[in-house]
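The sequence shown begins at 1 in this note's numbering and counts up one residue at a time.
Take these hints with a grain of salt, some might be off.
[Stated by the list, open to error] Cβ-Cβ distance ranges computed for the label pairs, FRET-style: (1) Q31 / R220: 39 to 49 Å; (2) Y92 / T247: 43 to 53 Å; (3) W261 / S76: 16 to 26 Å; (4) Q89 / D16: 22 to 32 Å; (5) N85 / G240: 30 to 40 Å.
Since the hints were derived computationally from the structure, they do not count as laboratory data.
Keep in mind the model is a prediction, meaning the values are calculated, not measured.
Think of the CB as a built atom: it goes at the ideal place given N, C-alpha and C, for glycine as much as any other residue.
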Amino acid sequence: MNINPDYYPEVQNCPDEPLYINDVALPYKYQIETSGDLTVRAKAEKRAYSHGATNSGDGYIDSKKIKITITLEADSYEDFLSKSNELCQLFYQKNYKLSVGGVSYWNIDSLEKTTCKYLGAFQFKKGDWTFSLLLCDPFRYADAETTVTQSYTEAASEAEISIYNGGSVETPLTFIFAPTATMNNIVVSQPATGKSMRVADTLLTTPATLTVDTKNGTVRRDTYNAINAFSGQFLTALPGTNKYLVTCAAGTVTVKLTDRWLV
1 MNINPDYYPE VQNCPDEPLY INDVALPYKY QIETSGDLTV RAKAEKRAYS
51 HGATNSGDGY IDSKKIKITI TLEADSYEDF LSKSNELCQL FYQKNYKLSV
101 GGVSYWNIDS LEKTTCKYLG AFQFKKGDWT FSLLLCDPFR YADAETTVTQ
151 SYTEAASEAE ISIYNGGSVE TPLTFIFAPT ATMNNIVVSQ PATGKSMRVA
201 DTLLTTPATL TVDTKNGTVR RDTYNAINAF SGQFLTALPG TNKYLVTCAA
251 GTVTVKLTDR WLV
């Protein structure tokens, strides 16, 4: 929806960086809380007939919530209701991007709860709206994708491809293989982790391309499901420089990632 900036001609953003929803800057004074809160799935189980405990959690990060408080000012009760409904409509969406400053963003799944507190004697004219937002994906993401492409004029044997993960957490990758003619045996290994993956697809011939999405765990030749041709582990990128060894026939290999941060 469109925001009418004339509603708030004198209000400055607080902090200085504007708040964005789906790349649209909001002309509101706001405060953001709990954006740095994380919960790791870890649970200590008592050991029988032994000191200490065993960690039964998987060590992954759980979903989280972000609270945003926005101050509304109005000239009348009707004006306050109008602005409040406009504001609630913005946050009462599903699957949208929330950003501070427009450089990186969180993926918001839905609005969980709202509260409104009137300020002082300004009943129905000034109040703080607080929105509790649910993030099933707890990470903050870079606005731009990092892409590395390497072309091979002849068959490659453990050719090195490097990509830099500028985030603070292990990040999934997308591999795209485009054969010059036929690329029916692809092997990619990651020396730092000891993991590797293989795709043996006899139908991968030009102009088809093969895409391995390690976030969603999918393997597709164009639009066709090629998961049966896959074996091994879905590879990821650790924070910093990551090196992969590629063995394949002549063609082009593209690796993509989006930096993401814990906070």
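Inset, instruction - Identify every previously stated hint that the structure contradicts and give their numbers, smallest first. - result: 3 and 5
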